[in-house]
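Visitor: Sequence:
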Amino acid sequence: MKKFRKVLDGLTTSSPGGTIGSPSCGSAAGTPTTAPTPKEIDVQETLVSENFQLCKTVRHGFPYQPTALAFDPVQKILAVGSRTGGVRILGRPGVDCYCQHESGAAVLQLQFLINEGALVTACADDTLHLWNLRQRRPAILHSLKFNRERVTFCHLPFQSKWLYVGTERGNTHMVNIESFILSGYVIMWNKAIELSTKTHPGPVVHLSDSPKDEGKLLIGFESGTVVQWDLRCKKADFRIYYDEAIHSVSWHHEGKQFMCSHSDGSLTMWNLRNTTKPFQVTFPHGKIQRDGRKESCKPILKVEYKTSRSSEPFIVFSGGLSYDKAGRRPTLTIMHGKAITVLEMDYPIVEFMVLCETPYNNEVQEPSAVVVLLEKDLIVVDLTQSNFPVFENPYPMDIHESPVTCTAYFADCPPDIIPILYSIGAKHKKTGYSQKEWPISGGTWTLGSHTYPEIIITGHADGSIKFWDASAITLQMLYKLKTSKVFEKPKPGEGRAADLVEEDPFAVQMVSWCPQSRIFCVVGISAHVILYRFSKYDANTQIVCLDVRLQCESDDVITPSENENNPCFPEPGSHSPQPQHPASPSSGTPEGIKDSIPCLKVKDRVVRVPPGYQAELVIQLLWVDGEPPQQITTLDINSAYGLLAFGNCNGLAIVDYLQKTILLCMSTLDLYGAADPYQRLTRSPRRNRQSTSEVCMRGLSNFYSDSKKRIRTSYQSLTELSDNQQSIDMERSKSPTSVKGPGRKLSLPTDLKTDLESRENSFSRSRSSSVSSIDRDTKEAITTLQFGESYGRKSDALPTPCLWVGTSLGVVVLIPMSIPTDQEERMEEPVTIGPSGMVLMLKGSVLRFGFLDCMGAVIQSPYETWRDLNAPEDPDRPRRRKLVHFSPSSSQDACGDGHLAVVCSERQAKVFLMPSQSCLFVHNITESSFVLRADVVSVCNSVCLACFCANGHIMTLSLPSLRPLMDVNYLPLTDMRIARTFCFTNGGQALYLSSPTEIQRITYSQEMCDNLQEMLGELFTPIETPEAQNRGFLKGFFGGNANTFDREELFGEAAAGKASRSLAQHIPGQGGMEGMKVAAGGAVGDLARARIALDERGQRLGELEERTALMMTSAETFSKHAHELMLKCKDKKWYQF
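In this text, residue positions in the sequence shown follow this note's numbering: the first is 6, and each later residue adds one.
Heads up, a few of these hints could be off.
Claimed, not checked - Straight line, CA to CA, 35 Å or less: simulated DSBU-like cross-link-like pairs of lysine-lysine:
id : residue 1 : residue 2
1  : Lys381    : Lys434
2  : Lys1063   : Lys150
3  : Lys196    : Lys61
4  : Lys61     : Lys81
5  : Lys435    : Lys608
6  : Lys665    : Lys490
7  : Lys261    : Lys1133
8  : Lys381    : Lys61
9  : Lys61     : Lys487
10 : Lys490    : Lys343
11 : Lys203    : Lys261
12 : Lys303    : Lys217
Simulated from the structure, these hints should not be mistaken for laboratory data. Predicted, not measured: the structure shown is a model, and the values here were computed from it.
I would like the entire structure built from these sequences, with the hints used as guidance.
Guide: Spelled out as structure tokens, the structure:
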């Protein structure tokens, strides 16, 4: 047991640094304070560095910027490549794997080794990679880097170990899949075309082997030239020269004809008997104009020609629409017999693939579905039904349906919350999907033993909220809430919202959720707060609206002389201003300046609300003298107290949502009164007035990399304390993104790097322990709030309800409250808020509060258990509020009264002992950067402080001693999206939005890293390869000698020699050894791998025996037929034949 001797009283913490020596980030522990009268507190800290390890767990959502698609028809798994070098491999729900190429080069093409548990990727840096999928985390086995040629197309025949690679120069190379070594066999472009041809045929855009004969390779060049190359004879069988450029080629399964798609929107059919001209040319979407000419059409980028036993062939292609139909959405066309079906897509088509029953290209294909990869969606169309319905997608591919603007992550939720949210959300699901089973059903996944209820909440730019079941590293949609239904629709071009937010007036800025009471709060970008209650019944309700006038006036900045006579708080009666009633835009103000109006108009009529979350209260900030309200920067709600608090850069407001009254509406400076730790300098009234409405309200959907704007971050502490007024002015003049407004400094988010650098410079140059004044224009924002049972004054003997307030200047203020305990009194008697002289100081903006008892255990905030207010009244069981309290003194008989308060800012963390307000530990988290997110979380049956810094470091500190336990340089902050969406939760987990469409979950718990192999799905399952159809004797005899084709004899080193070393470089991967280590440590193990290998060997031996028996039967049949033919012709004369 570790014993810490700490100060309990007699220590003041009024200066930013206190009297505490602050260690550097690399120190072994937080620095304790010293005092002449110490007292022991015993805290057994069980967490050590070995409890922590950082790794990615799973990625959810749609692959961002997809580029390629592949499908294994035997294993039934799908692979999607992206522009950033990522590969997502999907199987049945739960089987979802993400791989990343280290180079980050775009994935051009994907090729499965069908039923072999491997995948070939071709990247834009002209490198081929072989991935091993027989392990839960795929790894690269081999890489081959082309040095002199650009890779344009790859083709891997089924059950072949030789990969055909086409290049930009028009050459075709052969790569051995097993060794990933280039063969000396090369089909040069000048040998493939006729010698008389004067022009280069262009890059290779298609490669495929003939279904009739595997020894014949069809090569398509971009210019319109198609060559069938005889691999044995090393010569061209035929050459086709067509006027239009070729985009794709598709064979008929019999190998006698093929189809090409062209740049003029045409499809051509070619017969091998006559290759001088196509026997059919069609323009599927080209109509004949009045002058007899065909209208020009867009290119058909891809075509697939699939046959069916029971019906006409399917011809599926993308593109080909006429140019004159402007504004039409991208289309996929399905031609089945004479019927032509055009499916319009919401986004451009990246790639599509027809799923067939057989992996053999020389059998009737029997297409069943089409997988269509769009720029922002993945859909599967059912081809077995005439109306071509789509399948319901089991993957969470619609996270980005509206851009994500905020996230929240809750682990260890009440077990009943997920089923009830799912039952409510299931009533609003779409219908009309195909009734067939989802065709991408490969892999295996089982519910692991280390699972608990987890919920992820995402807020979106259109005002919608989505609840997701995130248990067992999966993600499933539970429930969707639309906050925009609370408001009247703003008329375009007029109204309050039009002046403020052009695109996203309802965008969600942050959420606060109490899972136990099921009370939910949403903060919107239009400076509004919506409070929701959950009910299983529909109801008729009228939403109560409260208007709050929260604006910092010119006289809010006080002088030192005023400081002496200013009381801590005004009289109690002045704390509770009545709700402001909206005035007309021009009333009371000259020239029609907007004043006392909210940004949005709440519906003022009774509305019918369905079961689920139902809006009860809307709080809106008002315009003041033509100035728009500042965005809300922090919010906290407590269901046991029935209170809601929020703040912005102007001040703080506390609302009693049970009585629907405003308890407190006060500027930040008025919260201090005589306890203000800073000496403020005066300024002239309304100096440098400038309307900042354009800066104040911005569409949150536009902070993504592919958008026009970024989210503003003015509420963060972008201004800091300074000794020298001139230095801070110089800093502002250097930064082009600084704007001086009426008493505030906004950082325009035009360039994140500039923003972060200027902020760090502000930190490094302005902090000082001997601060006597602050900048005239500095606005002190409320940055964090936390309700809880605490001690408002040093003299308090018992804890009372309190509100902890943190500001952007590192100040912590504690506000005690008196709340009636009886239910009837609570609804009638007012809540009183007392003055507090307690002020604590930290470096940087305050980010997070946490409370521990003196044994080091987390003290949960009190809450009210959920009750359905719309449920039918039961006279035997009257509905009463049931409150659950966690008093700091309830479990501390041995240690006495009091509790520990953990306060974390952008720069440092401190642990205070309450009620004495003594600082026990302090730790400087970072000197060169700043903390973006901090949370007190539970890990391994203990508790720690987790921090995410702007320089990409993720750190954990022990509590209460603030010992550094982990510091990993994980992710450099390259996008404001990450800073906005990063969040920690209990159980050693965290998440962030890795791209506009994907959520990345990570863990920093060693225990979860160890159990991750068990939780992930298996991509590869041993499946017997389907047998090829018996082609019959005559069909096999007259259909060519495809079965006797041996690629090894042609492409092997003995026959073809070695390729030039300068042409390509072989790079061995680490996947082999890593894969074996993972398998040995996982559930499969060496024994299982050996068993799988034996099974596969047995399968191959069985197939060999069957083929031998089939050959013997065919030989006997041939002998019998030959003998019969001889007897029949024996006695015939020559002229009788």
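Visitor: Next, verify each hint and record whether it holds.
Guide: Hints and how they fare:
Distance check on the hinted pair: Lys381 and Lys434 sit about 20 Å apart at the alpha-carbon level, within 35 Å; holds. Taking the CA atoms of Lys1063 and Lys150, the gap is about 16 Å. The hint holds against a cut of 35 Å. Between Lys196 and Lys61, the direct Cα distance comes to roughly 50 Å. Violation of the 35 Å bound is thereby established for this hinted pair. At most 35 Å may separate the alpha-carbon atoms for a hinted pair to count; Lys61 and Lys81 meet this at roughly 25 Å.
Taking the CA atoms of Lys435 and Lys608, the gap is near 27 Å; set against the 35 Å cutoff, the hint holds. With a C-alpha separation of about 21 Å, the suggested pair Lys665 and Lys490 falls inside the 35 Å cut-off, and the hint holds. Only pairs whose Cα atoms come within 35 Å are accepted, and Lys261 paired with Lys1133 is accepted, the gap being roughly 34 Å. For the hint linking Lys381 to Lys61, the alpha-carbon distance of about 23 Å falls within 35 Å, and the restraint holds.
Between Lys61 and Lys487, the direct Cα distance comes to roughly 31 Å. Compliance with the 35 Å bound is thereby established for this hinted pair. A threshold of 35 Å between alpha carbons decides the hint, and for Lys490 with Lys343 the separation of about 46 Å lies outside it, so the pair is violated. Only pairs whose Cα atoms come within 35 Å are accepted, and Lys203 paired with Lys261 is accepted, the gap being roughly 30 Å. The hinted pair formed by Lys303 and Lys217 meets the criterion: a straight-line CA distance of about 32 Å does not exceed 35 Å.
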